[in-house]
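Chains as they are written, first to last, in the working numbering: chain D, 5 to 285; chain S, 2 to 722.
Take these hints with a grain of salt, some might be off.
Stated by the list, open to error - Sample of chain D residues facing chain S (criterion: CB under 7 Å; computed from the structure):
| hint | residue |
| --- | --- |
| 1 | Arg28 |
| 2 | Ile29 |
| 3 | Ser39 |
| 4 | Arg46 |
| 5 | Ala47 |
| 6 | Arg187 |
| 7 | Tyr188 |
| 8 | Leu189 |
| 9 | Ile191 |
| 10 | Ala260 |
| 11 | Tyr264 |
| 12 | Ala268 |
If you are wondering where the hints come from, they were derived from the structure by calculation, not from laboratory data. Think of the CB as a built atom: it goes at the ideal place given N, C-alpha and C, for glycine as much as any other residue.
The lines below spell out each chain.
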Amino acid sequence: MSRYLRPGSIDEAVGLLSTDAALRIVAGGTDVYPSLGEAAARAAFLDIVRIPGLRGITRENEAWRIGAATTWSDVVRAPLPAFFDGLKLAGREVGAIQIQNAGTLAGNVVNASPAADGTVALMALDARVEIAGSDGRRVMPLGDFVTGVRSVALKPGEIVTALLVPDRPAKSRSSFLKLGARRYLVISIAMVSAVVDLDDAGMIAEAGIAVGACSPVARRLPALEARLVGVPPAQAADVVLASDADVLSPIDDVRARAGYRRDAAITLVRRTLAACAEAAR
Amino acid sequence: MTPATTFVGSPVSRVDGPAKVTGAAVYAADFDIPHLAHASIVQARVPAGRIAAIDTRAAEAAPGVLAVMTHETTRRLPWHPRDPRPGVDPKAGERLHVLQDDVVRYDGQPVALVVAQSEEQARAAADLVRVDYAPTAARTRFDVAYARAPSEATAKAGRPGDTSRGDPEGAFAQAPVRVDVPFVQPREQHAAIEPHATIAAWDEDGRLTLWDKSQWVDNVRTEIAHVFGLAEDRIRVISPFVGGAFGSGLRTWPHVTLAALAAERVGRPVRLALTRRQLFTNTGFRPHTESRVRLGAFPDGRLTAILHEATGQTSTYEEYAETTLTPARQLYACPNVATRYRLLDMNVNTPSPMRGPGAATGELFLETAMDELAHALGMNPLELRRANLAKTDPDSGKPWSSNALAACWDQAAARFGWADRPRTDEARRAGRERIGSGMASAFYPAHRAKARARVTLYANGGAMIQAATSDMGPGTYTALSQVAADALGLPLEQVRVEIGDSALPPAPAHGGSITMATLGNAVANACAALRETLGADGEGDLTPALRRSGRDSAAAEGASSPGKEAQEYESAAFGAVFAEVRVDPELGTVRVARLVGGYDVGRVVNPKLARSQCIGGMVQGIGMALSEEAVFDRHCGRVMNANLSDYLVPVCADVGALEAFFVESDDRVFNPLGVKGLAEIALCGVAAAIVNAVYDATGLRMREVPVTPERIVTAQAARGR
Ligand SMILES: Cc1cc2nc3c(=O)[nH]c(=O)nc-3n(C[C@H](O)[C@H](O)[C@H](O)COP(=O)(O)OP(=O)(O)OC[C@H]3O[C@@H](n4cnc5c(N)ncnc54)[C@H](O)[C@@H]3O)c2cc1C
Numbered sequence: 005m006s007r008y009l010r011p012g013s014i015d016e017a018v019g020l021l022s023t024d025a026a027l028r029i030v031a032g033g034t035d036v037y038p039s040l041g042e043a044a045a046r047a048a049f050l051d052i053v054r055i056p057g058l059r060g061i062t063r064e065n066e067a068w069r070i071g072a073a074t075t076w077s078d079v080v081r082a083p084l085p086a087f088f089d090g091l092k093l094a095g096r097e098v099g100a101i102q103i104q105n106a107g108t109l110a111g112n113v114v115n116a117s118p119a120a121d122g123t124v125a126l127m128a129l130d131a132r133v134e135i136a137g138s139d140g141r142r143v144m145p146l147g148d149f150v151t152g153v154r155s156v157a158l159k160p161g162e163i164v165t166a167l168l169v170p171d172r173p174a175k176s177r178s179s180f181l182k183l184g185a186r187r188y189l190v191i192s193i194a195m196v197s198a199v200v201d202l203d204d205a206g207m208i209a210e211a212g213i214a215v216g217a218c219s220p221v222a223r224r225l226p227a228l229e230a231r232l233v234g235v236p237p238a239q240a241a242d243v244v245l246a247s248d249a250d251v252l253s254p255i256d257d258v259r260a261r262a263g264y265r266r267d268a269a270i271t272l273v274r275r276t277l278a279a280c281a282e283a284a285r
Numbered sequence: 002m003t004p005a006t007t008f009v010g011s012p013v014s015r016v017d018g019p020a021k022v023t024g025a026a027v028y029a030a031d032f033d034i035p036h037l038a039h040a041s042i043v044q045a046r047v048p049a050g051r052i053a054a055i056d057t058r059a060a061e062a063a064p065g066v067l068a069v070m071t072h073e074t075t076r077r078l079p080w081h082p083r084d085p086r087p088g089v090d091p092k093a094g095e096r097l098h099v100l101q102d103d104v105v106r107y108d109g110q111p112v113a114l115v116v117a118q119s120e121e122q123a124r125a126a127a128d129l130v131r132v133d134y135a136p137t138a139a140r141t142r143f144d145v146a147y148a149r150a151p152s153e154a155t156a157k158a159g160r161p162g163d164t165s166r167g168d169p170e171g172a173f174a175q176a177p178v179r180v181d182v183p184f185v186q187p188r189e190q191h192a193a194i195e196p197h198a199t200i201a202a203w204d205e206d207g208r209l210t211l212w213d214k215s216q217w218v219d220n221v222r223t224e225i226a227h228v229f230g231l232a233e234d235r236i237r238v239i240s241p242f243v244g245g246a247f248g249s250g251l252r253t254w255p256h257v258t259l260a261a262l263a264a265e266r267v268g269r270p271v272r273l274a275l276t277r278r279q280l281f282t283n284t285g286f287r288p289h290t291e292s293r294v295r296l297g298a299f300p301d302g303r304l305t306a307i308l309h310e311a312t313g314q315t316s317t318y319e320e321y322a323e324t325t326l327t328p329a330r331q332l333y334a335c336p337n338v339a340t341r342y343r344l345l346d347m348n349v350n351t352p353s354p355m356r357g358p359g360a361a362t363g364e365l366f367l368e369t370a371m372d373e374l375a376h377a378l379g380m381n382p383l384e385l386r387r388a389n390l391a392k393t394d395p396d397s398g399k400p401w402s403s404n405a406l407a408a409c410w411d412q413a414a415a416r417f418g419w420a421d422r423p424r425t426d427e428a429r430r431a432g433r434e435r436i437g438s439g440m441a442s443a444f445y446p447a448h449r450a451k452a453r454a455r456v457t458l459y460a461n462g463g464a465m466i467q468a469a470t471s472d473m474g475p476g477t478y479t480a481l482s483q484v485a486a487d488a489l490g491l492p493l494e495q496v497r498v499e500i501g502d503s504a505l506p507p508a509p510a511h512g513g514s515i516t517m518a519t520l521g522n523a524v525a526n527a528c529a530a531l532r533e534t535l536g537a538d539g540e541g542d543l544t545p546a547l548r549r550s551g552r553d554s555a556a557a558e559g560a561s562s563p564g565k566e567a568q569e570y571e572s573a574a575f576g577a578v579f580a581e582v583r584v585d586p587e588l589g590t591v592r593v594a595r596l597v598g599g600y601d602v603g604r605v606v607n608p609k610l611a612r613s614q615c616i617g618g619m620v621q622g623i624g625m626a627l628s629e630e631a632v633f634d635r636h637c638g639r640v641m642n643a644n645l646s647d648y649l650v651p652v653c654a655d656v657g658a659l660e661a662f663f664v665e666s667d668d669r670v671f672n673p674l675g676v677k678g679l680a681e682i683a684l685c686g687v688a689a690a691i692v693n694a695v696y697d698a699t700g701l702r703m704r705e706v707p708v709t710p711e712r713i714v715t716a717q718a719a720r721g722r
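All chains, full assembly: derive it from the sequences and hints.
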């Protein structure tokens, strides 16, 4: 029957994982448990949320460290610089309060759903993933970590210990917009997160834009990001072209068709940029 | 002492509210029965075929498993026919004889049952049962080319294939103004929050007790008696609380039989709780229905022809049919009316009544077509309705026992501000959004049935009301308490109501909006009978009379049944619904900013609960208009969104300001209490008003619900071409 282990340290967790391949890591369990369906009773779990030091947000050198056991509610409530607003908005849209109280950012990323709201906001922020295994720790960019639908670059026996978000200039603003077939508690048809850093003249110095649910893995829009440099934020939305969606590869599914997704994504990109401009005023 | 207030008509809070919010209310699956075992269903994964082989060895060897039942290992049950069939059952075809043969009739049909010590063990083992199928051709595509007329039995039950009065085709051909409107309403699910569950327990003497989620305990008893070939008095059905049902608890579904079979097999009480996914295929649903409405009118708006055709889906084994076309025959005055109803047999489980069955669907079709007609006439949609008020029932010619539809139109329009709605493109613009206003009429026939109720009065001033009815949420506990408190001259808190038990005096289905008009009068009659027994007259507290008689308690029964008014009059609840929507044309999202509904439901027993019933119906109507659809994949014959994350019932954030009110009404012709019934009417008209408002906002005629963002954008693109 079901086994449930609760290690007290990362080393212990890694040790247990390396000796038992059947163990599934569980944090909030809000993805793991529903995905198991009727087979839940036969699974074996490794619960990491009690490991000391794994929960919370700290600033370390040039980056913000979000521990792997940090929940969406933790992020929404934390006093963080304005460029985290997009991530907070995403957090408010992950399920509903009960889900946000249990669900973690790391779980959202590792679960690797194309519709993961958090991954999109983190990707716009150039987040990196910190991983621990029996060979020690390594760090890799989020865009490389998520490799496909439900697939990530974790080797057997490894766990994610934190998400690292590089610090940004004080004049940096971000936003997030999600579209679903109902207003809340819904799996996204498309979602967009944008961050813009402003220079001293108030022009866009750097932009990060990510689109989710329109490709197997959330995508950045590099061509658009390049065109936005030097543009006043209030005009950012006008710089967006329909062809910016060409890097996306949406599919038809029960929620929406590909063509609609592509068009909606572009509309959301424009609106997200407009929201950043609004926040920068 | 006589209580100062009369309870009927006053907005008292739910008497069962505290029990519900504290968790003290016990629902079917909550009963704590000693030695309980648990069952889990294995569902078919093909829409049609035969079971070639079932391998149960791994499941049998799994921890905690007590039994694995298949059609090969389950005893044959008699399944006696019901004669007459209960009103909630299809009139033709035969019930699903679960685990009796190797035939698969739809994807999701139970093909095996695992019984284990715990629910988790049962589910885990059910996952290990291997079934091989020999699939056969299945009808999984809704294609009207294969539709057929309903059987004679169905036609006799108010769902005729073809009806005609006057010269509909001729009148339509000659009508100065005409519209011809196709429309699609998809399969919808009841999606109540409490899943269906049954606990079955046999005693040493072979008596069966069922704790079940049901809107009709008496019928569960009768049905299971027929299925098992038992005398009815060997069975008791208990269902004190129902966590929403909307009609899914009217019939007795196969899982009740399965629970009883499993309990018999393992010699222990067994609980069978359906999962959310299983609810889609082991209870019913509102059938996918496609329609065509043709309306012809004179330039002043008077209707000269109504031609309404509809085709609904049913299963291959039972003929479920709806009264979809009743509104076309009864809602508006029109001399020339034809209706044509067809059924399409598909490899699905049998549909069943869902709130406003037939009416909600038929009025969606009719009232969106009326809106198209209003625009074709260049007429205010409200004026078009007014021009066609049916002063008597246009179908039978009988008078209405009461009809305040005109007051509903007038008062709801005034409260909504219909006369001042934005009417220019300029006024309809609000930032990037477009504002739209729409309206629709609502209509739901009122009926009564036979029922009994018992009242017992105690010398300490307490009273007990008993009847085998149910309260799936509308407030039956409270409303019956109010009637009894008035009739006995007692404070409300001294009246207790006991329902949901087949051992109590018989009651009809808690459905079709008949409960208050039926049971309310039975309770009033029981109280009057008690008053007479005790030789007390008039009003006031009855306990002094009881004490004078020297007894500790006294009881009386009262009955209620339809009288000759049912032959002489037509009765119905009426309403008018007005909607304001905000459409974001770029994304296609529709937000319902406001709904105003005015209703004629007869006497309102409890304004607070009545409002709550109506705003609940409005929320469900928002779902019907904008998001609810059980997506059926015709390639695999399966519902693709059998869960609440993709079958989208509205959340609070989808709901704008809701206003529901009741026009002056008191129908003592229909029944002595003056109530007409308030449940289904609350859903009727809502979706049509919203769809009509979307047209007003965008100029897009959406002829398929739900009106999803993608459908709006697609329609815009089609218009642009
Ligand atoms: C009702 C409901 C609504 C939801 N709505 C949304 C929504 O709107 N948007 C959205 O994006 N998501 C939604 N989700 C999904 C889910 O809540 C989020 O993805 C959440 O962030 C997952 O976090 P968790 O801690 O619960 O992950 P878990 O379920 O515990 O784990 C998810 C996956 O990550 C792995 N994992 C977790 N932590 C680690 C770690 N430290 N190292 C390695 N592997 C790890 C697990 O093994 C598993 O594969 C919803 C879920 C539910 C049940």
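Evaluation of the provided hints:
Violation of the interface hint for Arg28 of chain D is found here, the shortest Cβ-Cβ separation to chain S being roughly 15 Å, above the 7 Å cut-off. About 21 Å separates the beta-carbon of Ile29 of chain D from the nearest beta-carbon of chain S, more than 7 Å, and the hint is not met. About 12 Å separates the beta-carbon of Ser39 of chain D from the nearest beta-carbon of chain S, more than 7 Å, and the hint is not met. Contact between Arg46 of chain D and chain S, as hinted, is supported at the beta carbon level, the nearest pair being about 5 Å apart and thus within 7 Å.
Taking 7 Å as the C-beta contact cut-off toward chain S, the hint placing Ala47 of chain D at the interface is violated, the least distance being around 10 Å. At a threshold of 7 Å, the smallest CB-CB gap from Arg187 of chain D to chain S is about 4 Å, leaving the interface hint in force. Residue-level restraint check for Tyr188 of chain D holds (minimum Cβ-Cβ distance to chain S is 4 Å; threshold 7 Å). With 7 Å as the threshold, the beta carbon of Leu189 of chain D comes within range of chain S, its nearest partner Cβ sitting at about 5 Å, so the hint holds.
Because the smallest distance between the Cβ of Ile191 of chain D and any Cβ of chain S comes to about 6 Å, under 7 Å, the interface hint for this residue holds. Hint on Ala260 of chain D holds. Least Cβ distance to chain S is approximately 5 Å, under the 7 Å limit. The restraint placing Tyr264 of chain D at the interface with chain S holds, with a minimum CB-CB distance near 4 Å, inside the 7 Å limit. Nearest Cβ of chain S to the Cβ of Ala268 of chain D: about 6 Å, under the 7 Å cut. The hint holds.
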